[in-house]
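Kindly generate the complete structure, drawing on both the sequences and the hints.
The lines below spell out each chain.
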Amino acid sequence: MGNWRLKGIALGLAALLVMLALSLVGCGSGGKQPGEGAQGSGDSQGNKAAVEFPTKPVEMTVLFGAGSGADLLARKVAEIAGKDLGQPISVVNRTGAGGATGYTYVKGQKADGYAIIWNSNSINTAYHAGNMNFDYKTFSGIAELTTEPVSIAVKADAPWKDINEFVEYAKKNPGKIRIGNSGKGSFTHLAAVALENKTGAKFTHVPFGQGLAVSSLLGGQIEASSQLPAEIMSQVKAGQVRILAVTGEQRLKTLPDVPTFKEKGIDLTLSLWRGIAVPAGTPEPVINKLEAAMKKVTENDEFKKFAADMGANIEYRGAKDFDKFIAQQDQELASLMEQIGMKKQ
Amino acid sequence: MPLLEGLQVALTPFNLFACFIGVIIGTLTGVLPGLGPAAAMAMLLPLTVKMGPTAGLIMLAGIYYGAMYGGSTTSILVNVPGEPASVVTCLEGYKMARKGRAGAALAVSAIGSFIAGTLGIVLIQLFAPPLARAALQFGPAEFFALTIVAVILLSNLSGKGGLKAFLMIAVGLLLSTVGLDPLGGINRFTFNYAGAGTGLSFIAIAAGLFGVGEIFWLASRPDENAEVMQVGLRDLYPTREEIKRSLPPMLRGSFLGFLIGLVPGPAATIASFASYSMEKGLSKHKEEFGHGAIEGVAGPEAANNAASAGAMVPLLSLGIPFAPSIAVLLSGMLLMGVTPGPLFLRDHPTAFWGVIGSMYIGNVMLLVLNLPLVGIWASITRIPQKYLMPVVLLFCMVGAYADNNNLFDVWVMLGAGLVGYLMRRFDYDPAPLLIGLVMGPIMERSLRQALIMGRGDPVIFLASPISIALYVVALAIFVFTLVKKFRGKGQTMAATGCR
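Taken in order, these protein sequences are the chains called R and D.
Using my numbering, read the first sequence as starting at 1 and increasing by one per residue.
Using my numbering, read the second sequence as starting at 1 and increasing by one per residue.
Please keep in mind that the hints were generated in silico from the structure rather than gathered at the bench.
Values in this document were obtained by computation on a predicted structure and should not be read as measured data.
Keep in mind that a hint or two might mislead.
[As the list claims (entries may be wrong)] Chain D stretches covered by chain R per the calculated footprint, using a threshold of three residues with CB under 8 Å from any CB of chain R:
1. 91 to 101
2. 168 to 179
3. 277 to 287
4. 350 to 362
5. 397 to 406
[Unchecked claim] Straight line, CA to CA, 25 Å or less: simulated PhoX-like cross-link-like pairs of lysine-lysine:
6. 50/D - 295/R
7. 237/R - 305/R
8. 320/R - 110/R
9. 286/D - 244/D
10. 324/R - 262/R
11. 253/R - 50/D
12. 202/R - 264/R
13. 296/R - 244/D
14. 484/D - 99/D
15. 56/R - 295/R
16. 172/R - 289/R
17. 264/R - 253/R
18. 320/R - 295/R
19. 83/R - 50/D
20. 289/R - 324/R
21. 343/R - 202/R
22. 50/D - 305/R
23. 50/D - 237/R
24. 304/R - 50/D
25. 171/R - 198/R
All C-beta atoms in this analysis are idealised placements derived from N, C-alpha and C, irrespective of residue type, glycine included.
See the structure below:
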């Protein structure tokens with residue numbers, strides 16, 4: 001009967017939908033189950049497994065949402081490094097609690113190199129803000145890949161022509177300058193606080209969400225913004241806002257005319273670094289293999305161009321240097337967070 | 001005629017193909033709850049970058065507006081919203097499906113989406129720069145005033161008694177504070193559980209209150225649903241009367257949605273709620289609302305599509321993303337070497353007009369794609385509930401998990417399902433709760449930002465004519481509702497007195 005046939009079609013369709021939904025989720029979390037038996041617990045077996053690493057897809061956890069700056073860089077790294085390693089690296093976004101959600105997940109995975117994390121300063125801020133009860137020592141660094149400075153920008157028709165004039169005004173009129181950042185305790189907020197520390201200026205910090213600091217700056221509701229370059233790049237190119245200075249060691253490739261604070265005589269360097277880490281206890285040979293793949297990523301022309309377009313500088317640090325660097329950054333950020341009353345531990 | 005050239009660009013085989021793939025993927029992400037357009041666009045970004053700016057942007061835009069078409073499908077068929085913006089469609093669309101009018105509801109939502117999508121592009125083309133400049137006049141203080149108007153306007157969405165609805169809004173506002181405080185960076189109400197740091201996922205709560213609640217409700221009542229609906233092929237498409245009733249709501253929804261789309265935040269969701277409330281107020285068939293009124297599908301479905309077009313205005317003319325999926329589009333442009341904002345049109349006229357042209361074509365494609373699907377989708381309602389419902393439950397769980405890869409969200413959804421069942425049992429309406437959940441973060445954020453910017457002085461809330469006008473509107477609505485209520489009561493009292 002026709003009715004039965006229709007029913008059959010409908011059932012089949014429903015089944016197809018479910019399978020589609022399942023496979024989509026499956027793609028996202030593929031390769032989560034570590035292959036039992038392939039890896040032993042003994043040292044010699046560990047070494048043997050490491051030489052054959054990777055024999056199955058690697059999963060990279062990203063702490064921020066799909067389409068965010070962190071996510072796009074991570075996906076590019078995963079694409080290039082995956083080709084080099086001979087196994088795909090799948091990117092899964094585990095967002096929330098300032099990064100703690102993703103860190104907690106990766107910490108709970110086997111230390112075999114198949115669960116890697118797109119690490120950043122969030123490891124320091126999420127711990128000190130009290131979002132998680134473990135700190136950067138829970139992970140071993142693989143390599144640092146990029147840094148992004150923070151940019152201090154004003155509207156194109158603002159009276160301050162350079163950063164020194166701006167700081168001078170803020171010193172004379174404490175709290176008069178309202179500076180928009182991406183949220184209290186966010187990296188852009190900490191950078192603005194660090195600028196206060198180094199110069200003695202005083203701002204009113206206004207926390208915003210995605211895109212809103214820039215639109216408030218354009219609308220004249222605030223006087224300045226503290227943002228990552230990628231978030232304000234198109235307004236700069238259109239001549240609507242002017243970046244007074246960036247907090248990097250060196251100028252940004254995409255904005256060669258914008259000076260660094262150091263050049264302007266203000267001793268402020270603070271950059272948002274990004275790199276790869278794995279749970280501590282991952283075998284040395286696995287770390288070495290991943291490290292080599294990441295080094296190749298930073299030398300890749302396609303990645304260089306991609307990073308520049310995203311407003312990031314390429315800054316490579318190997319596993320050992322990376323760990324030392326994170327430890328040093330941890331102290332610096334901890335003291336800044338203490339100052340704004342956000343250090344809980 | 002730049003638009004003609006744009007259409008020419010969009011009609012080249014490769015660009016046409018890019019548009020086709022884009023809208024298909026968009027429709028799919030719309031149908032699947034949990035997988036949003038932002039995630040789908042981010043996954044395909046590397047591919048689109050390789051396609052070059054014109055084809056790449058055409059495809060990304062296709063996913064973006066295509067998602068608004070698919071979202072209503074599951075709302076109508078199984079009471080599970082595929083996208084946050086399709087929550088309202090559950091209210092009337094699912095009721096229509098239960099009456100055997102699933103096909104009509106699906107077709108009307110596809111036609112409404114098409115009309116709104118197309119009108120939205122016309123509006124973008126004509127008014128983008130001045131509208132974007134006007135949107136910049138809105139600072140935190142003005143947004144706060146806007147949320148006050150919205151909450152008062154939307155509080156009585158269902159008409160099931162003002163107090164109950166207000167209570168539900170309050171609960172929604174409270175629930176929206178769970179998780180990491182977006183401004184203060186402090187965890188609230190998470191009880192030190194890392195999974196709760198993301199807050200309560202809107203899609204999980206919506207799927208729980210509507211979809212899972214419905215499943216529990218059906219399961220609790222014996223054999224009432226044993227019969228399978230018999231729907232002839234001719235009944236699949238809307239009648240002339242239904243089309244006639246749907247057209248004005250579609251047009252009103254398009255303009256309303258486009259304006260709301262200019263505002264940052266979950267514009268499409270708010271637009272659909274606002275349109276529903278407007279249609280309910282204006283409809284000549286008020287008694288049908290809550291029992292499958294076609295206006296309640298046509299208006300909101302048009303509004304959320306128009307809002308998604310409106311949300312492109314700040315991106316195209318200012319280069320500012322107000323929503324996550326727009327942010328992906330912005331990243332895509334930067335990676336393709338295109339600077340969004342005022343320079344986009346000047347430096348890349350081919351890409352700009354090609355994308356605008358492709359949006360017209362894409363909307364036609366979506367209509368052609370979706371109308372024949374109506375029959376197939378509608379046949380799902382013929383599956384007996386006892387087989388369909390377990391599948392739907394699984395579908396909901398997968399969706400809740402896929403949204404954030406967070407198991408906590410699945411528990412939230414099941415909990416919300418239980419609450420949804422109880423609310424139905426005791427005659428509470430879930431829609432105001434969801435409005436509270438959507439408006440809560442914007443309201444809180446703008447309140448606190450405005451106070452910081454005013455350095456603690458509340459005068460900032462009345463500092464601009466825009467805010468004052470909005471408060472006057474809010475007050476007027478409030479007084480009007482009260483007067484109407486008391487007069488209504490007085491009349492009934494007088495009527496009983498006469499007897």
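Compare the structure with the hints numbered earlier in the document and write down the numbers of the violated ones, lowest to highest. Failing hints, ascending: 1, 2, 3, 4, 13, 14 and 16.
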